[in-house]
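Chemist: Here are the chains, one letter per residue:
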Amino acid sequence: MKNHLEKLRQERGIKQEDLAKAMGVSRQTIGSLENGRYNPSILLAYRIAYFFNLKIEDIFIYEEKNNEDI
Amino acid sequence: MKTFKKTYFEILFIIGLLLSALVSFDRGYHFLPDFIGGMLTSLSIVLIVFAGIVKHSKKLQDKLQIADRDERLLTIEQKAAKITLYAIMFINIVCIIIFGFLGDTYLYMSILLAIILFITIVILFITKLVLTKRM
Chain U
1 MKNHLEKLRQ ERGIKQEDLA KAMGVSRQTI GSLENGRYNP SILLAYRIAY FFNLKIEDIF
61 IYEEKNNEDI
Chain L
1 MKTFKKTYFE ILFIIGLLLS ALVSFDRGYH FLPDFIGGML TSLSIVLIVF AGIVKHSKKL
61 QDKLQIADRD ERLLTIEQKA AKITLYAIMF INIVCIIIFG FLGDTYLYMS ILLAIILFIT
121 IVILFITKLV LTKRM
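Read top to bottom, the protein sequences are chains U and L. Each residue of the first sequence is one higher than the last, beginning at 1 in the working numbering. Each residue of the second sequence is one higher than the last, beginning at 1 in the working numbering.
Heads up, a few of these hints could be off.
What the hints assert, rightly or not - Computed Cβ-Cβ distance ranges for the label pairs, DEER-style:
| id | chain 1 | residue 1 | chain 2 | residue 2 | range |
| --- | --- | --- | --- | --- | --- |
| 1 | L | Ile-53 | U | Ile-61 | 25 to 33 Å |
| 2 | L | Val-49 | U | Asp-18 | 56 to 64 Å |
| 3 | U | His-4 | L | Leu-73 | 43 to 51 Å |
To be verified - Residues of chain U placed beyond 10 Å of chain L at every Cβ, according to the derived structure:
| id | residue |
| --- | --- |
| 4 | Arg-12 |
| 5 | Asp-18 |
| 6 | Tyr-38 |
Treat the hints as calculated values from the structure; they're not laboratory data. Note that beta-carbon positions come from the ideal geometry of N, C-alpha and C, so glycine has one too.
Chain L on its own, in the form it takes in the complex:
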């Protein structure tokens, strides 16, 4: 099972630095579209600030570590994720049926949703199979 590690935030900090270097490089050569450049700038600032705060705050690290290992919170997360997955699948099925009635205009949307539903079911099946063999 995944456990909280200080290195996660060190990796985030490095990614933030790399992104900021990329953005700085882009200032000179303009190879990124303006929207992407702006998005990467804000993302790099958020990553550097967030990872920097966590890296230097022992209190916050302890809090995150407990939140990451607390079995009750993990159980709640698992149950919430399961309910959310089945809710999304149900909504997906309802949308496929509704789009099916709306004619040719929405045919591709209906097919796309059906593909997403199929992929979700395949991933769910494979994940269950792998976990069943591991446990």
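With the rest of the complex left out, here is chain U:
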């Protein structure tokens, strides 16, 4: 699953640490999400979307192929 998280975060001038703190996860998790190495749970995806005041599908792009959960 691809996402626009890094772009969105940088556009709004938010540090990985700050986003991680707001989401209640570690900075490494935000890094993994941005690199596409980890796909978030629906709850975390909702929290991220709510944080940026966007819809989930505006941030995360579902792909049929390469759908590994880590």
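Got chain U sorted already, so can you dock chain L onto it with the hints?
Modeler: Structure of chain L alone, referenced to chain U:
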């Protein structure tokens, strides 16, 4: 799902205090073997120091709280635990076969390993059953 709580460390702190009280009591009445007494002394010191540090460090508490709730770390832990469980079961089976070939001397070892393997499989089955009904 389990969440980090400050009370965990308060409980650890109290256990540490109780152990140190037990060890102090043992100094007078000598009812514990020396080895156990020494082990309990070091355990109580570790518990009191560790729980005391965590209880009074906001930064460490936040770090532990995130580590406890972080879904990526939890997923990694679950996958690591699953791989470890199956690796242990595989090693157990290999050991049972090897000990089976070594004759009567190792028969009890082989039986013990088979019992451990059986209990592991039963626990795995029950846990799966309970979780399947809950989710």
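Chemist: Any hints this thing doesn't respect? Which numbers, in order?
Modeler: Failing hints, ascending: 1, 2, 3 and 6.
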